[in-house]
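**Student:** Letter by letter, the chains look like this.
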Amino acid sequence: MAADDPGRWQVKDLHKDLHWLTAAEISAAYAARRLSPVELVEALIARVERRNPDVGAYIMIDAEGALNEARAAETEIAAGRIRGPLHGVPVGLKDNIDVVGLATTCHSKILLDNIATADAQVVSHLRGAGAIMFGKQALHEFAFGGPSNELPFPYARHPWNNAYHPGGSSSGSGVALAAGLGPLSVGTDAGGSIRNPAGNCGIVGLKPTYDLVSRRGLFPVAFTLDHIGPMARSVEDVAVLLDGMVGGDRRPAASRAHSYTADLNRGVRGLRIGFVRHWHNEEMIADPEVGAALEDVAKVLAAEGASVAEARLPKVTEMAAVQRIILLAETWAVHAKWLRERPQDYTLPTRRKVMPGAFLSAGDYVRAQQWRNRYIDIVDDVLRDFDVLLTASGMDPPFRIDDREGLLKTYPRQGRSPFNLTGHPALAMQSGICKASNLPMSVQFVGRAHDEATLLRVAAAYERATQWHKQRPAHA
Amino acid sequence: MSKDQSTLDAFTVARAQGLDKAVERYPECVADAARAAAADLADMPAEDMSTAEPWPPMIPGGGK
Numbered sequence: 003m004a005a006d007d008p009g010r011w012q013v014k015d016l017h018k019d020l021h022w023l024t025a026a027e028i029s030a031a032y033a034a035r036r037l038s039p040v041e042l043v044e045a046l047i048a049r050v051e052r053r054n055p056d057v058g059a060y061i062m063i064d065a066e067g068a069l070n071e072a073r074a075a076e077t078e079i080a081a082g083r084i085r086g087p088l089h090g091v092p093v094g095l096k097d098n099i100d101v102v103g104l105a106t107t108c109h110s111k112i113l114l115d116n117i118a119t120a121d122a123q124v125v126s127h128l129r130g131a132g133a134i135m136f137g138k139q140a141l142h143e144f145a146f147g148g149p150s151n152e153l154p155f156p157y158a159r160h161p162w163n164n165a166y167h168p169g170g171s172s173s174g175s176g177v178a179l180a181a182g183l184g185p186l187s188v189g190t191d192a193g194g195s196i197r198n199p200a201g202n203c204g205i206v207g208l209k210p211t212y213d214l215v216s217r218r219g220l221f222p223v224a225f226t227l228d229h230i231g232p233m234a235r236s237v238e239d240v241a242v243l244l245d246g247m248v249g250g251d252r253r254p255a256a257s258r259a260h261s262y263t264a265d266l267n268r269g270v271r272g273l274r275i276g277f278v279r280h281w282h283n284e285e286m287i288a289d290p291e292v293g294a295a296l297e298d299v300a301k302v303l304a305a306e307g308a309s310v311a312e313a314r315l316p317k318v319t320e321m322a323a324v325q326r327i328i329l330l331a332e333t334w335a336v337h338a339k340w341l342r343e344r345p346q347d348y349t350l351p352t353r354r355k356v357m358p359g360a361f362l363s364a365g366d367y368v369r370a371q372q373w374r375n376r377y378i379d380i381v382d383d384v385l386r387d388f389d390v391l392l393t394a395s396g397m398d399p400p401f402r403i404d405d406r407e408g409l410l411k412t413y414p415r416q417g418r419s420p421f422n423l424t425g426h427p428a429l430a431m432q433s434g435i436c437k438a439s440n441l442p443m444s445v446q447f448v449g450r451a452h453d454e455a456t457l458l459r460v461a462a463a464y465e466r467a468t469q470w471h472k473q474r475p476a477h478a
Numbered sequence: 740m741s742k743d744q745s746t747l748d749a750f751t752v753a754r755a756q757g758l759d760k761a762v763e764r765y766p767e768c769v770a771d772a773a774r775a776a777a778a779d780l781a782d783m784p785a786e787d788m789s790t791a792e793p794w795p796p797m798i799p800g801g802g803k
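Note that the protein sequences, when read in sequence, are chains A and B.
Residue numbers for the first sequence follow our numbering, beginning at 3 and rising by one.
Residue numbers for the second sequence follow our numbering, beginning at 740 and rising by one.
Quick caveat, the hints were computed from the structure, so don't treat them as lab data.
By construction, the Cβ of each residue, glycine as well, lies at the ideal position given by its N, Cα and C atoms.
Don't take every hint at face value.
As the list claims (entries may be wrong) - When the alpha-carbon atoms are kept at most 20 Å apart in a straight line, the in silico PhoX-like pairs for lysine-lysine are as follows:
1. A:Lys472 to A:Lys437
2. B:Lys742 to B:Lys760
3. A:Lys111 to A:Lys411
4. A:Lys339 to B:Lys760
5. A:Lys111 to B:Lys742
6. A:Lys317 to A:Lys411
Stated by the list, open to error - If you want the footprint, here are the derived chain A segments under chain B, 3+ residues with CB under 8 Å:
7. 178-187
8. 319-330
9. 345-352
10. 357-368
Unchecked claim - Just the calculated beta-carbon pair ranges, DEER-fashion:
11. A:Ala294 to B:Ile798: 50 to 60 Å
12. A:Lys411 to B:Ile798: 53 to 63 Å
13. A:Lys411 to B:Lys760: 29 to 39 Å
14. A:Pro414 to B:Ile798: 32 to 42 Å
Okay, chain A solo, but in the shape it has when bound:
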């Protein structure tokens, strides 16, 4: 390419903070020839090599594969063949999602040699959109366990303060974003596993409507609760990534031609927000700072023009118990053989969490599924009166990673798992900074089934008003 060729890459001005660029900024920089995919991937590889030992976000990065994909993207973009906003953008994947030729370890000794023979469906969609598969991210063992020194790879740590727990089970996916080790992550969520690390790490995580994103090629936690979803540092990037993850045939017909980014700038004037206070004020009393931050969220949305009113759902404790019965029964079905033959190959947190399924009956499982049906109807009914619900995500700020009692509270004291049960889309994002730990706190927004567009619209309005997403770790 000649030096005066208008297609020449003229990389400049972006060097200092390449790792903090959002996907939208990266795409714009590519289009303007101010940044090349190869330069970005090389910068991210160098940063991961430097920072990953402190935070444990990645189990592995596929440096060679990512650079090859970056070179191919660079050639296509230079020739004017831009596939869309994900073209040439690196994506990290939780290591329970298959990428052909790479091991899907689920962060477990049991699957260290489990080389994927095909891409997961979501990976195929992302490759089709031109995204670069950058690496496999740390998780709780089988997306179920927790931090443990018995794990075959280091567990992820909070990038703002690595003495703290980043949340899980998509822990590496959240940490990678918050530590500037990649612009986009794909996580999975059977009981809050995208939203917990999103909230703890101060990024944005969306559990889409059940089955909107194909689960083919995902190692299951629980078949009827598992969701694959996007995680990013901004609401816009979550929408961009969701566009690339969803196959056209899975969208409701009316929205097939639309991008999930389409409504992000419409604001919330005229929208009805249902504030589910009773979960954290009456049933699971939230940490005072978490509760105060939720009140502030409601005030911000009201100031932006939404009408905010009290909404009531079934008791969070009962919905969570029904979700756990289904989770445990289905997880037991996945793990029974290995638990019988090689229990020693699980870490203690995973053994302890998976084995209760052995003590449930077929009748227990069916009874839970009966309640689930009723809860889906109830949440649908409530969402006829409201466009989006505002609830607590976690009832507590992040715990220290060595606080065993605290970590045990993370999973029972939350409002996320009810929406794995009902399948409604739910998004968690930062609601403020906890004064005691100087770490992020979070809020959850819940939408109607297949109405991710309105959910993202509310989240984008809140993000614009508060700018919490611009907070970075002190030592970034």
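Here the structure of chain A is known, so what remains is to put chain B in place on it, guided by the hints.
**Tutor:** Showing chain B alone in chain A's frame:
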């Protein structure tokens, strides 16, 4: 560990499920698991819904 009746019952159920190795090597873990399952069942709503249709709905032709 001391083995009260509920713990012994838990071991019986665990063995019936094929978890002999786990009972042998991780008895506390097995007992904890039985308690956790019982606690979750106790937190379920009490109302009887025994004839209600469960989720997911059966979809004829939905197989692959």
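**Student:** List in ascending order the numbers of the hints, as given earlier, that are violated by the structure.
**Tutor:** 3, 5, 7, 11 and 12
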